[in-house]
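Participant: Chain by chain, the residues run as shown.
Protein chains: 2
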Amino acid sequence: MSILCVGSVALDSVETPFGKAERVPGGSAVFFSASASMFSPVQVVGVVGNEYPLDRLDFLRERGVDLSGVERKDGESFFWAGRYHYDLNTRDTLETRLGVFADFQPRIPDEFRRARTVFLGNIHPTLQHEVLDQVDDPELVVCDTMNYWIEGNRKELVSLLERVKILIINDEEARQLADTPNLLSASRWIRDRGPEILVVKKGEHGAILFADGWLFFAPGYPLEEVFDPTGAGDAFAGGFVGYLAQNGSLDPDSLRRATIFGSAMGSYAVEAFSVDRFRTLDPSQVYDRVREFREMTAFETHVEGIAP
Amino acid sequence: MSILCVGSVALDSVETPFGKAERVPGGSAVFFSASASMFSPVQVVGVVGNEYPLDRLDFLRERGVDLSGVERKDGESFFWAGRYHYDLNTRDTLETRLGVFADFQPRIPDEFRRARTVFLGNIHPTLQHEVLDQVDDPELVVCDTMNYWIEGNRKELVSLLERVKILIINDEEARQLADTPNLLSASRWIRDRGPEILVVKKGEHGAILFADGWLFFAPGYPLEEVFDPTGAGDAFAGGFVGYLAQNGSLDPDSLRRATIFGSAMGSYAVEAFSVDRFRTLDPSQVYDRVREFREMTAFETHVEGIAP
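Going down the list, the protein sequences come from chains C and D. Here the numbering used here = 1-based position in the first sequence + 2. Here the numbering used here = 1-based position in the second sequence + 2.
Bound conformation, chain C alone (with noise of 0.2 angstroms):
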């Protein structure tokens, strides 16, 4: 079933200790497309400046992308510019600049309007509520955000979250929204506002599935070398979301899998800078780390008695 994805498309210019590379393809819609579609085909509305290379994600559209979506826009594309660190867990960001994004106003297409799974990649909230409003009653809304939203527009952050059925964010995020230190208070918190389900990336810690009274852990997937962390977390949203539109349930067992798929996507998109690992990336791959997940975290309950 076709997810609609609405969020940024950008150019992003990223240095890390392995490289440099210049605008290339970025933004959430971006990331989000190019993992999700490895299951399930997407429509993306974002907005583009002149320039633009949209012929850069024509693999993409081979994979069941639809980017009718994308508005052109008289004006520059979002732009932005960051510097990882030696240890990559830190980054600088050099520049941003918002450009036609600074104005977007998502107009979801007639022929979108449908979708069944729709995910709100992290744009102002008040537009997080504009697409919602342009839909038809969708089965399943999954909605990422950030720091700066949560601070400057909780209100309307807060009001969306009844309309959300899974929130994607990362601790700092949940801490944030909940204004707890605790995780498990913070999910708490957050699931009593709407979203029955709370994903918690936590970057190279893996991620924390909250439901109602159980949670799932996915480890992260141990690399020697983070090419580029840029996109991991939309990548992670694009796997899960895309296997849970592929699946067609719910049930515990199927987010248990999604949580694992979005981990393997998450971990795959670091190898390489922008979208690139997934122009070659082929299911047998995805399956391969899926596997690799459980090796790393199965283990046997039976043991014998433990002596007082």
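Rather than coming from a laboratory, the hints here were simulated on the basis of the structure. Be a bit skeptical, because a hint or two may be false.
One copy or two, either will do: identical chains are not told apart, so a pair holds if it fits within one copy or between any two.
Here are the simulated SDA-like cross-link-like pairs (lysine to any residue), alpha carbons at most 25 angstroms apart as the crow flies [what the hints assert, rightly or not]:
1. 157 / 104
2. 204 / 93
3. 167 / 216
4. 22 / 183
5. 22 / 96
6. 204 / 172
7. 204 / 92
8. 204 / 138
9. 75 / 252
10. 22 / 182
11. 167 / 298
12. 167 / 300
Given chain C's structure and the hints, the job is docking chain D onto it.
Facilitator: Then chain D, alone, in the frame of chain C:
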């Protein structure tokens, strides 16, 4: 099979957001043996001052902890005072007085020298060497250390690694010891220097066991109230080594389970001050938590085809 444990036997004054404890039993050997004795008998070698209330550890004797190797010396016991912050991940050391521990010279009693399993708690690497010089070719030597020795006594520490089968340290220490931000590279560097197995403790983010060609993740057990984080690492080591000593095998399945048992014991340690949680903990509760760990990480790998 008995475990010989050499480490500190201390008094701790601890302040957390949840309360305060004054001069309660602490130290690596105390936390380790309180945890390990759930699985195997433990022989402790350490030193305390005149005033140490060893009777407060009587519950450990009843569980098979032999404290006859704990020397009493004229002077004060090792004393540590610390305060944990609101988020419990950072703490201030308010006071450290080494007391009689400053001149600690581990003397292994004759009846302890044939221990098949030796745990070298976090003490000077030269003393750890001296412990190994006094024992009869143990099957399993497990070692802990800390940043202080990595910085100040690197040479002695690195030569010790050749005599150690399993090194258990935290992630910062692993990175510092191997001088790399990448944990996978760090594990290779460390395992190249002797230990067949490296276990990296990551606090709330869990633990990773690195072995020859494979690794295993245990998540951090999610607790709403971490009452007192002191000793969690030693309790982890106690559960890990205790399970291995009881189980008698170092095959991958046993090592995986040991990592989970260590995680379970670490998670119990933080539910109360000092070793208080272990006074009433019973084996069935340990099993219950191990099963919870399985619930938190298990997923089915059987998945439907991925649509490209």
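Participant: Taking the hints in turn, state whether each one holds.
Facilitator: Verification of the supplied hints:
1. For a Cα distance limit of 25 angstroms, the shortest separation of residue 157 from residue 104 inside one copy, 21 angstroms, qualifies, whereas the shortest one across copies, 57 angstroms, does not.
2. Within a single copy, residue 204 and residue 93 get their C-alpha atoms as close as 16 angstroms, and across copies as close as 22 angstroms, so both meet the 25 angstroms cut-off.
3. For the identical chains of this complex, residue 167 and residue 216 are intra-copy neighbours only, at 16 angstroms inside a copy versus 37 angstroms across copies, given an alpha-carbon limit of 25 angstroms.
4. Taking identical chains as interchangeable, the C-alpha atoms of residue 22 and residue 183 lie at most 25 angstroms apart only when they sit on different chains, with a minimum of 20 angstroms there against 36 angstroms within one chain.
5. Only within a single protomer do residue 22 and residue 96 lie at most 25 angstroms apart by alpha-carbon distance; the minimum there is 13 angstroms, versus 45 angstroms between protomers.
6. Within a single copy, residue 204 and residue 172 get their C-alpha atoms as close as 6 angstroms, and across copies as close as 18 angstroms, so both meet the 25 angstroms cut-off.
7. In this assembly of identical chains, the alpha carbons of residue 204 and residue 92 lie at most 25 angstroms apart whether taken from the same copy (13 angstroms) or from different copies (18 angstroms).
8. Taking identical chains as interchangeable, the C-alpha atoms of residue 204 and residue 138 are never at most 25 angstroms apart, the minima being 33 angstroms within one chain and 45 angstroms between chains.
9. With identical chains, the CA atoms of residue 75 and residue 252 are never at most 25 angstroms apart, being 38 angstroms at best within one copy and 63 angstroms at best between copies.
10. With identical chains, the CA atoms of residue 22 and residue 182 are at most 25 angstroms apart between copies only, with a shortest distance of 21 angstroms across copies and 38 angstroms within one.
11. Taking the shortest alpha-carbon separations for residue 167 and residue 298, only the inter-copy value of 21 angstroms comes in at or below 25 angstroms, while the best intra-copy value is 29 angstroms.
12. Proximity of residue 167 and residue 300 under a CA criterion of 25 angstroms is satisfied inter-copy only: 23 angstroms between copies versus 29 angstroms inside one chain copy.
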